[in-house]
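Trainee: So the chains spell out like this:
2 protein chains.
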Amino acid sequence: MNTIASASAVRKVHVPLGERAYDIMIGPGLIARAGSEIASRIKGRKAAVITDEHVAPLYLDALKASLDAAGIASADVVLPAGEKTKSFEHLINVCDKVLEARVERNDYVIALGGGVIGDLSGFAAGIVRRGVRFVQVPTSLLSQVDSSVGGKTGINSRHGKNLIGVFHQPDLVLADTDVLNSLSEREFRAGYAEVAKYGLIDKPDFFAWLENNWQAVFAGGSARIEAIAVSCQAKADVVVADERENGQRALLNLGHTFGHALEAATAYDSSRLVHGEGVSIGMVLAHEFSARMNLASPDDARRVEAHLKAVGLPTRMSEIPGTLPPAEMLMDAIAQDKKVKGGKLTFILTRGIGRSFVADDVPASEVISFLKEKHP
Amino acid sequence: MNTIASASAVRKVHVPLGERAYDIMIGPGLIARAGSEIASRIKGRKAAVITDEHVAPLYLDALKASLDAAGIASADVVLPAGEKTKSFEHLINVCDKVLEARVERNDYVIALGGGVIGDLSGFAAGIVRRGVRFVQVPTSLLSQVDSSVGGKTGINSRHGKNLIGVFHQPDLVLADTDVLNSLSEREFRAGYAEVAKYGLIDKPDFFAWLENNWQAVFAGGSARIEAIAVSCQAKADVVVADERENGQRALLNLGHTFGHALEAATAYDSSRLVHGEGVSIGMVLAHEFSARMNLASPDDARRVEAHLKAVGLPTRMSEIPGTLPPAEMLMDAIAQDKKVKGGKLTFILTRGIGRSFVADDVPASEVISFLKEKHP
Ligand SMILES: NC(=O)c1ccc[n+]([C@@H]2O[C@H](COP(=O)([O-])OP(=O)(O)OC[C@H]3O[C@@H](n4cnc5c(N)ncnc54)[C@H](O)[C@@H]3O)[C@@H](O)[C@H]2O)c1
Ligand SMILES: NC(=O)c1ccc[n+]([C@@H]2O[C@H](COP(=O)([O-])OP(=O)(O)OC[C@H]3O[C@@H](n4cnc5c(N)ncnc54)[C@H](O)[C@@H]3O)[C@@H](O)[C@H]2O)c1
Ligand SMILES: [Zn+2]
Ligand SMILES: [Zn+2]
Numbered sequence: 001m002n003t004i005a006s007a008s009a010v011r012k013v014h015v016p017l018g019e020r021a022y023d024i025m026i027g028p029g030l031i032a033r034a035g036s037e038i039a040s041r042i043k044g045r046k047a048a049v050i051t052d053e054h055v056a057p058l059y060l061d062a063l064k065a066s067l068d069a070a071g072i073a074s075a076d077v078v079l080p081a082g083e084k085t086k087s088f089e090h091l092i093n094v095c096d097k098v099l100e101a102r103v104e105r106n107d108y109v110i111a112l113g114g115g116v117i118g119d120l121s122g123f124a125a126g127i128v129r130r131g132v133r134f135v136q137v138p139t140s141l142l143s144q145v146d147s148s149v150g151g152k153t154g155i156n157s158r159h160g161k162n163l164i165g166v167f168h169q170p171d172l173v174l175a176d177t178d179v180l181n182s183l184s185e186r187e188f189r190a191g192y193a194e195v196a197k198y199g200l201i202d203k204p205d206f207f208a209w210l211e212n213n214w215q216a217v218f219a220g221g222s223a224r225i226e227a228i229a230v231s232c233q234a235k236a237d238v239v240v241a242d243e244r245e246n247g248q249r250a251l252l253n254l255g256h257t258f259g260h261a262l263e264a265a266t267a268y269d270s271s272r273l274v275h276g277e278g279v280s281i282g283m284v285l286a287h288e289f290s291a292r293m294n295l296a297s298p299d300d301a302r303r304v305e306a307h308l309k310a311v312g313l314p315t316r317m318s319e320i321p322g323t324l325p326p327a328e329m330l331m332d333a334i335a336q337d338k339k340v341k342g343g344k345l346t347f348i349l350t351r352g353i354g355r356s357f358v359a360d361d362v363p364a365s366e367v368i369s370f371l372k373e374k375h376p
Numbered sequence: 001m002n003t004i005a006s007a008s009a010v011r012k013v014h015v016p017l018g019e020r021a022y023d024i025m026i027g028p029g030l031i032a033r034a035g036s037e038i039a040s041r042i043k044g045r046k047a048a049v050i051t052d053e054h055v056a057p058l059y060l061d062a063l064k065a066s067l068d069a070a071g072i073a074s075a076d077v078v079l080p081a082g083e084k085t086k087s088f089e090h091l092i093n094v095c096d097k098v099l100e101a102r103v104e105r106n107d108y109v110i111a112l113g114g115g116v117i118g119d120l121s122g123f124a125a126g127i128v129r130r131g132v133r134f135v136q137v138p139t140s141l142l143s144q145v146d147s148s149v150g151g152k153t154g155i156n157s158r159h160g161k162n163l164i165g166v167f168h169q170p171d172l173v174l175a176d177t178d179v180l181n182s183l184s185e186r187e188f189r190a191g192y193a194e195v196a197k198y199g200l201i202d203k204p205d206f207f208a209w210l211e212n213n214w215q216a217v218f219a220g221g222s223a224r225i226e227a228i229a230v231s232c233q234a235k236a237d238v239v240v241a242d243e244r245e246n247g248q249r250a251l252l253n254l255g256h257t258f259g260h261a262l263e264a265a266t267a268y269d270s271s272r273l274v275h276g277e278g279v280s281i282g283m284v285l286a287h288e289f290s291a292r293m294n295l296a297s298p299d300d301a302r303r304v305e306a307h308l309k310a311v312g313l314p315t316r317m318s319e320i321p322g323t324l325p326p327a328e329m330l331m332d333a334i335a336q337d338k339k340v341k342g343g344k345l346t347f348i349l350t351r352g353i354g355r356s357f358v359a360d361d362v363p364a365s366e367v368i369s370f371l372k373e374k375h376p
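Chains A and B, in that order, give the protein sequences. Be aware that the first sequence starts at 1, since it is given in full-length UniProt numbering, and climbs by one per residue. Be aware that the second sequence starts at 1, since it is given in full-length UniProt numbering, and climbs by one per residue.
So here's chain A without its partners, still in its complex pose (with noise of 0.2 Å):
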């Protein structure tokens, strides 16, 4: 499956999934070629385009002429920016606006934006008329190389993140690279915790090269697209393995189980921690776990963090402003996310740089000792 072609700048990422097979294009100027792009794939000539108010100013116009000039007819939604958008209130609204701008089953929903945005978008386009098509324009560095691969979409609930949605895999993903460069450098660096995620995961290789071109690819370049690329086809070949979450694909969780009890704890607040940020701590503290639990060594948890921190990543606990709940709270947040079974736990582990598994024996007095010596 090393379908990364290297012709151009522009690389290929292809998700082979049966009838929904698609293709990833990652580099340059891919918003300009949006429209051919799309039009040489898909029948329609209709689209909604979804986006927010912080990425409509610097890409919506140049993207609908892109589309305008391969005689496609575009509708546009501008939401607000940030979680809170992933609800009920702008899921009804957004579907309302593609059935009004008379989308069938063959034109298509496009997203363009961060993660927000790409999981909103999907569920609408999976829900309409029972499913019309999805592009993914990602815009940021997270949705880049993760969410906007593998058809997970969804909405929040009061009960919990992302607890509604389809599986309803994107048509196309467009990852233009260039558009990163309006990105901030705090997001730039949180969509990295989940580059260097997939080294960490099974590609010890990879994670060596992200030590030593880091810089390369926060600069942009063709570091940056290959570190993309990379990340494309990792993700690619764990959904294709399992499209629906049933087993391996829960090795992307990795560092996660740690960060959503991060981000739990501070209340989502974006000010204080952002879900890569969560990520970074997460990862640092299951190599941490995994050490004391004797599976891996120290120094390989040493390693990750110098990386990580490197970058300008938090990879501690104590790094996040304000207060941070008791451990016990942290537990409870965990045992919530997870379910406990006879006082175990499913957990991500690992057995050093990218050699991680899915331990579905993991004793909870073992997670929350070690959590209160990492937060006394």
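Just so you know, the hints here were simulated from the structure itself, not pulled from any lab data. These figures come from a predicted structure and were not determined experimentally. You may find that some hints are simply not true.
Since the list can't tell identical chains apart, any single copy or any two copies may satisfy a pair.
DSBU-like mimics (lysine-lysine), calculated; alpha carbons at most 35 Å apart, straight line [as the list claims (entries may be wrong)]: (1) K344 with K97; (2) K344 with K203; (3) K43 with K344; (4) K46 with K344; (5) K84 with K372; (6) K84 with K46; (7) K46 with K161; (8) K161 with K84; (9) K84 with K97.
Starting from the known structure of chain A, arrange chain B with the ligands on it as the hints suggest.
Mentor: Chain B with the ligands in isolation, oriented as in the chain A frame:
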């Protein structure tokens, strides 16, 4: 695919959809057996039962007792009866209650009611946690022979009926034929129109059998069970051939193009017209129009009308209480439902009883002059 077993009074129709395969059980006493039938097939032991205010006082306690006896814990939600319940407002409420009941991916939503409850609950089951299991306990004749089979779920939008939803197949359908005794005669007859439809699509012998046995079907007992089983089998066959409605599944819309136009023309006011009544008039119109196009004999149209009239269904537009809008406006409703391409419409026409087919080149001009004749 002739899988109707006749060992006991309960019939079973298997729907062979690969990993989404399921059974439809049809017969007396199934609500009392629901707990054990479910427990023997599905792993989870938690259920959220969704029902309406008419059905709840009649059957909710019996269903819950049966679940309880099988060790299944259940929460319940009682909604207002009627088409208006197929809305985002109620969907949000149902999703919330399902999450509150801590229904996980192997637990289930149970729809206890007619097509309204089935469509709404199935949609909720399809999106909570990106899909939990789903059991249909259809209580109207229409839902037993039509809406509970096939996996179409959804709600209405201000842009039209059933425009928002997902395909989400049930894991089990339990059609308890006893509960039809409490259904109003009018609702029973409306459901019967769909039973007759299966004969008219491609089962001339079944239609002839209905002509001779309809009184026994209305009375209950084995003829009723037989009619429902044949109908479920017919629907299952079409669904298996075309799960996501890309082609032949359209045959199920025999009589529905005219029927939907009449429903729209009466503003979905059930005191004037319910769905099955619109389908009854629509099927007669479809046969008359086919005769007018020299495809079928006018005798077939007369035979269809005679039978539907005999069971007490309306067969003429003039029987609808109140004033209908002029033919031109009915035509507008048809054009909106179907989309006119170059003056041509897709329509289900027939070459005679049980010989329906999908025609995609019906001149709109012919339809309008036909309608003007029928409704001057
Ligand atoms: N579906 C999945 O598989 C999956 C996987 C991981 C995360 N997610 C979801 O993704 C969301 C997080 O995604 P995100 O980090 O992209 O969040 P986001 O969409 O909120 O984007 C982050 C911020 O960056 C801004 N932005 C985006 N692109 C920009 C650009 N090119 N220039 C300037 N500003 C830009 C946005 O307006 C926003 O303010 C979460 O809701 C998470 O649940 C989904
Ligand atoms: N999903 C599909 O494939 C599909 C197919 C056809 C129709 N539908 C949908 O089904 C709906 C119509 O279904 P319906 O006719 O069952 O409507 P319904 O659910 O409104 O039921 C009709 C009435 O009968 C009552 N009722 C139901 N069972 C009863 C019983 N045993 N005793 C006494 N009263 C009872 C209900 O409370 C309601 O008042 C429409 O919304 C239509 O769009 C869906
Ligand atoms: Zn993540
Ligand atoms: Zn119908």
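Trainee: None of the hints should be skipped; say for each whether it holds.
Mentor: Now the hints, each set against the structure:
no.	hint	verdict
1	K344 with K97	between (46 Å within a copy, 28 Å between copies)
2	K344 with K203	within (28 Å within a copy, 57 Å between copies)
3	K43 with K344	between (50 Å within a copy, 20 Å between copies)
4	K46 with K344	between (51 Å within a copy, 21 Å between copies)
5	K84 with K372	within (32 Å within a copy, 53 Å between copies)
6	K84 with K46	both (28 Å within a copy, 30 Å between copies)
7	K46 with K161	both (31 Å within a copy, 21 Å between copies)
8	K161 with K84	both (10 Å within a copy, 29 Å between copies)
9	K84 with K97	both (19 Å within a copy, 21 Å between copies)
When each numbered hint is compared with the structure, no violation occurs for any of them.
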